[in-house]
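Chains as they are written, first to last, in full-length UniProt numbering: chain D, 1 to 234; chain R, 1 to 238.
Hints in this document: simulated from the structure, not taken from any laboratory. Glycine residues also receive a C-beta, built at the ideal position from the N, C-alpha and C atoms. There may be inaccurate statements among the hints.
[What the hints assert, rightly or not] For each label pair, taking beta carbons as the anchor points, the in silico distance ranges come out as:
# : chain 1 : residue 1 : chain 2 : residue 2 : range
1 : D       : Ile135    : R       : Asp217    : 35 to 41 angstroms
2 : R       : Thr107    : D       : Gly92     : 39 to 45 angstroms
3 : D       : Ala213    : R       : Val173    : 57 to 63 angstroms
4 : R       : Glu115    : D       : Ile15     : 41 to 47 angstroms
[As the list claims (entries may be wrong)] To give an idea of the chain D side of the interface with chain R (calculated C-beta under 8 angstroms), a few residues:
#  : residue
5  : Tyr130
6  : Asp132
7  : Ile135
8  : Ser136
9  : Leu137
10 : Thr139
11 : Gln143
12 : Leu149
13 : Asp151
14 : Thr196
15 : Glu200
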Amino acid sequence: MNDILLGLAEAARLIVSFDPELIEITLRSLQVSVGAMVIASAIGLPFGAWLAINRFRMRRVVIALLNALMGLPPVVVGLIVYILLSRSGPFGVLGLLFTPTAMVIAQVIIITPLIASIAHQAIRELWADYHDLLISLNTTKSQRIRALLWDGRRALLTASLAGFGRAIGEVGAIMIVGGNIDHATRVLTTAIALETGKGEFALALALGFVLIALAIAVNFAMHALSRTERSGRW
Amino acid sequence: MVASILPLHLTGLEVHRRGKRLLGPVSMTLKGDGTTVIIGPNGSGKTTFLRALHGLERCTHDAAKWQADEETVRARQAFVFQSPIMMRRSVQDCIAYPLILAGQGKTNARAAAAEWAERVGLSAALTRPAHVLSGGEKQKLALARALIRQPELLFLDEPCANLDGRSTREIEVILADARQSGTRVVMSTHDMGQARRLADDVIFLYGGLIHEAGPKDAFFSAPKTPETRAFLNGDLLP
Chain D
1 MNDILLGLAE AARLIVSFDP ELIEITLRSL QVSVGAMVIA SAIGLPFGAW
51 LAINRFRMRR VVIALLNALM GLPPVVVGLI VYILLSRSGP FGVLGLLFTP
101 TAMVIAQVII ITPLIASIAH QAIRELWADY HDLLISLNTT KSQRIRALLW
151 DGRRALLTAS LAGFGRAIGE VGAIMIVGGN IDHATRVLTT AIALETGKGE
201 FALALALGFV LIALAIAVNF AMHALSRTER SGRW
Chain R
1 MVASILPLHL TGLEVHRRGK RLLGPVSMTL KGDGTTVIIG PNGSGKTTFL
51 RALHGLERCT HDAAKWQADE ETVRARQAFV FQSPIMMRRS VQDCIAYPLI
101 LAGQGKTNAR AAAAEWAERV GLSAALTRPA HVLSGGEKQK LALARALIRQ
151 PELLFLDEPC ANLDGRSTRE IEVILADARQ SGTRVVMSTH DMGQARRLAD
201 DVIFLYGGLI HEAGPKDAFF SAPKTPETRA FLNGDLLP
């Protein structure tokens with residue numbers, strides 16, 4: 001209990017004093033996770049919608065696979081990305097290992113199935129409502145996908161936020177591909193792991209509280225920007 | 001002058017689902033003007049027939065012969081569903097949507113939508129979300145959305161089901177206007193009064209088959225088949 005109180009006090013001190021190191025790793029956490037969320041949403045949302053409106057032979061297998069991939073072990077993803085980006089790997093020439101870009105790549109792989117799967121569920125229900133109308137209006141497949149993505153945008157925001165939540169709290173993969181290098185690839189989660197390893201529980205807890213506050217703040221900000229939960233809206 | 005997509009010739013049109021025949025065989029000609037009203041008891045195939053004509057049901061290959069290619073036929077018809085499908089948009093954006101699909105600019109489409117909202121009595125609700133409208137208002141929105149592209153052929157599946165007398169009358173006025181503007185109307189109804197008011201000709205469907213079809217006056221004054229007589233008399237059909 002004492003550790004938690006000490007952690008809270010330390011968190012308050014770090015925030016109030018605008019601790020430069022805290023600000024640096026917080027901004028890096030945001031940069032990596034928001035970047036991964038944006039890229040994964042750009043892939044996962046249209047894919048989820050496409051999957052909802054198309055009928056093809058292996059559709060059920062693809063959906064089952066997508067759902068299974070939601071539970072991808074981050075450490076395994078980190079290891080695979082590490083091998084691909086390492087000097088002897090196929091993309092070693094790009095020199096991306098131990099950079100924030102490598103961390104974004106790993107997080108995109110982890111959260112894209114999650115976003116696509118939630119989007120698929122949301123769009124499938126909307127498609128059931130819209131099916132006859134959109135067919136009757138003689139829409140093309142891309143027009144259908146655009147209509148479903150636009151009209152389902154608030155449900156899809158939840159999908160993106162779920163992806164962000166997974167990305168911001170992820171440590172295994174980004175530790176492997178980022179290396180937790182000070183002033184280069186250190187983010188809140190890897191810093192927490194480091195401080196815990198050093199026995200600096202108060203600081204680790206403080207960083208944890210900042211991480212939680214950050215996740216909540218981003219969620220609030222996105223809901224405010226998209227004007228969800230307002231009367232008369234969807 | 002743009003060539004008409006009508007008349008439509010149906011030859012042995014059938015609709016099957018899970019091995020069961022829901023409609024047909026239906027053979028008839030749908031001429032180019034007037035209002036055709038389809039009547040019949042529940043489960044007789046009215047909705048399936050309308051959906052098949054509109055291309056929403058898989059039916060016998062080559063059973064329907066239009067006077068234009070498939071793309072033109074699809075573009076020049078519209079459908080109003082019994083339960084109007086409301087998009088998660090404002091009333092104005094819902095009405096404008098078919099024009100935007102057709103490639104019109106958003107500003108022009110929204111201006112046309114405002115005009116149509118005025119015509120159907122929804123101008124006060126332009127910015128409201130479509131899903132909060134009353135049943136009658138939703139049906140008017142669906143009509144405005146269907147008519148905004150001035151279709152040559154309009155299908156309506158029981159457009160006034162569950163509506164009160166006032167809303168029914170308002171919708172009938174909109175339909176009469178559409179017909180005056182040259183839109184061919186094909187609709188189903190359970191309301192015999194409405195059928196008498198709107199129809200030029202009537203089709204009686206029962207068990208997925210057309211039992212009788214003809215001009216309104218002859219149909220109602222001298223029905224030919226026992227099933228039609230029984231239905232019009234309000235008797236139970238086997």
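| Given Glu200 (chain D) as an interface hint, is the shortest Cβ-Cβ distance to chain R below 8 angstroms? | Interface hint status for Glu200 (chain D): violated (50 angstroms vs cutoff 8 angstroms).
| field | Evaluation of the interface hint that places Ser136 (chain D) against chain R, nearest CB under 8 angstroms | value | holds (4 angstroms)
| message | A closest beta-carbon separation below 8 angstroms is what the hint needs, so does Leu137 (chain D) meet it against chain R? | response | holds (6 angstroms)
| Range hint 57 to 63 angstroms (beta carbons of Ala213 (chain D) and Val173 (chain R)) holds or violated | holds (59 angstroms)
| task | Given the hint of 35 to 41 angstroms, check if Ile135 (chain D) and Asp217 (chain R) actually sit that far apart at their C-beta atoms. | result | Since the Cβ atoms of Ile135 (chain D) and Asp217 (chain R) sit about 37 angstroms apart, the hinted range of 35 to 41 angstroms holds.
| Is 39 to 45 angstroms right for how far apart the beta carbons of Thr107 (chain R) and Gly92 (chain D) are? | For Gly92 (chain D) against Thr107 (chain R), whose Cβ atoms are near 52 angstroms apart, the range 39 to 45 angstroms is violated.
| query | Taking the least C-beta to C-beta distance, is Gln143 (chain D) closer than 8 angstroms to chain R? | reply | It holds, given that the least Cβ distance between Gln143 (chain D) and chain R is near 6 angstroms, below 8 angstroms.
| message | Is the interface hint satisfied for Thr196 (chain D)? The criterion is a beta-carbon contact with chain R at less than 8 angstroms. | response | violated (46 angstroms)
| message | Against the range 41 to 47 angstroms, how does the distance between the Cβ atoms of Glu115 (chain R) and Ile15 (chain D) compare: consistent or not? | response | Distance hint for Glu115 (chain R), Ile15 (chain D) is violated at roughly 56 angstroms.
| message | So, as I understand it, the hint says Ile135 (chain D) touches chain R; can you test that by seeing if any CB pair is closer than 8 angstroms? | response | With a minimum Cβ separation of about 6 angstroms from chain R (threshold 8 angstroms), the hint on Ile135 (chain D) holds.
| query | Given Thr139 (chain D) was flagged as interface, is its beta-carbon under 8 angstroms from a beta-carbon of chain R? | reply | holds (6 angstroms)
| query | Does Leu149 (chain D) pass the interface hint, meaning its C-beta sits closer than 8 angstroms to a C-beta of chain R? | reply | violated (12 angstroms)
When the structure is compared with the earlier hints, violations turn up for hints 2, 4, 12, 14, 15 and for no others.
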